[in-house]
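Trainee: Residue numbers (numbering that gives the first Met the number 0), protein chains in the order written: chain S, 0 to 240; chain H, 0 to 278.
Do not take every clue at face value.
To be verified - For lysine to any residue, the following SDA-like pairs were computed, each having C-alpha atoms within a straight-line distance of at most 20 Å:
hint	chain 1	residue 1	chain 2	residue 2
1	S	Lys174	H	Gly118
2	H	Lys92	S	Met116
3	S	Lys174	H	Met0
4	H	Lys81	S	Asn165
5	H	Lys165	S	Met116
6	H	Lys81	S	Arg179
7	H	Lys120	S	Gly63
8	H	Lys81	S	Met175
9	H	Lys165	S	Asn165
10	S	Lys206	H	Pro64
11	S	Lys90	S	Met116
12	S	Lys172	H	Lys92
13	S	Lys172	H	Met0
In short, the hints are calculated from the structure, not lab data.
So you can see what is in the structure, the chains are spelled out below.
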Amino acid sequence: MAKLSLMFEDKLVKQVPVGSRPVGIGRSPDNDLPVDNLAVSNYHARVYFEADRLVVEDLDSLNGTFVNDLRVERATLHDGDSIWIGKHHIKVDASGDAPLQWDSGRKAAAPRINETMVLDTKARRDMLQQAAAMGERSQFAAGRLKMPTLVVLSGNTDQKEYVVTNKLTVIGKSKMATVRLKGWFKPQLAAQINQRDDGYYVGPGDKAPTVNGTPIAGPVRLNDGDLIEVCGVRMNFIFRD
Amino acid sequence: MQIVSGGVTSVGRVRTNNEDCFKILEKLNLFVLSDGMGGEAHGEIASALAVETVVMHCLKTENDPSMTVFGDMPAVWSEKTKRLSSAVHLANKSIYDSAQKHPEQHGMGATLTAAWIDGSKLSIAHVGDSRAYLLRGGSLQQLTSDHSLVAEQVRRGILTPAEAEKSEMQSVLLRALGAHEEIEVDAEEHTLFAGDILLLCSDGLTRMVTEPEIAGTLQAEPDPTKAAERLVELANDQGGADNVTVVVVRAGSEAKGWFSWLRRGGQKSSGVNGSAGGR
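For reference, chain S alone in the conformation it holds in the complex (with noise of 0.2 Å):
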């Protein structure tokens, strides 16, 4: 059975099974797991199975649940995974539980559906909207309604701001570059962002860029706010409503 322990800083405050029931996450007093802090709202969070999946689902909290990094509407979380709450964080142990042995339990799964096939129109809607239900309320998909947006703070390009639309955005001083750098020296392509089926990547073209001051060998995956460095130009990475 999957636990999950509330901890403060690394002191274990309240440690409780999930069953059947979802655990709610709050600063209300009536909550399974009972945050004393005045950053996380009354009912901030749950944590509950749904199709054998452990999910958390934030409650509109003022102050947001992140889930190890990342700030999270709703998210599936897996054993080792950390929920944070204000100052707190809520530790999940789902090493019991054997939908979650994903890994392991792989080996002795069904065959793989090996013919490549199409949905017919019926088996498609349906599919898509379990699949709709179960992701409308999630991080990403409510990241994707936003527009992926690149924020120019100092340099010289032609725009101030730019909507990463492409599968593919060129920075550089090509004249077709999406993000265009003015000046001498520039290079044709200096970097470029890649969209993936799982968020956006920055990579290097002839130079190297820096994600939040660190220097990146390959591609690295953008999260909201980040700050983009390349060729003396600053850029912030946000998703605009």
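Dock chain H against the given chain S, drawing on the hints supplied.
Mentor: Just chain H now, with coordinates in the frame of chain S:
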């Protein structure tokens, strides 16, 4: 832009028939790849029909640019992108019509990934789960989104990419040529830079070989045909569970002189580690 290319297809180690199909049309710099599906030999029919229809339409429009454009096209697209996208709509129609006429072909379909290079402009049109990648800056940039159930689940935040790779639902497509009378085609334009390597491949490659391995192989082998052969070998050595098709296109520079030499030198040093993101 100087273009050299090569392509290879293999039945793999498990299947008995090859339902993949590709065509390189050097004089147009047109590259088309398709992965067919359907019982008996119908997958082969579907992918061949898809590739042939796309190639024929592009050839015809070269001679007669006034030919009708099919589907909704943003006005900003280049002529080539519009034609390529139209060609994919037509390919869908041909497969669908053929299956309507021949009841035994019911359920056949195909993916299609096509690239057309015009100067430094690259047009991509795509339906299904065959992919186009650009190797640039030492890593693979994915130019297409798979129209598969698992990819959609990753986009919606339900699965992680790692979970998607292990899912047994990987073969379920949400979009493929031939399933419906009308289809939505993904198309996009990119600018090619000297040194870029374009890769088109069927899922027989991407399910067997990791992106860093693909990037490393493309960087290690300058000859496009040999690079394609190496990638197919890798897929087969690592299981070869499906048909594998790989098309490699290398964009070279026509620029000469000390400055382009300097730039090439710069690219080399940033592109040896063969890393790829996302996985």
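Trainee: Please flag the earlier hints that this structure goes against, numbers listed from lowest up.
Mentor: Hints 6, 7, 9, 10, 11, 12 not satisfied by this model.
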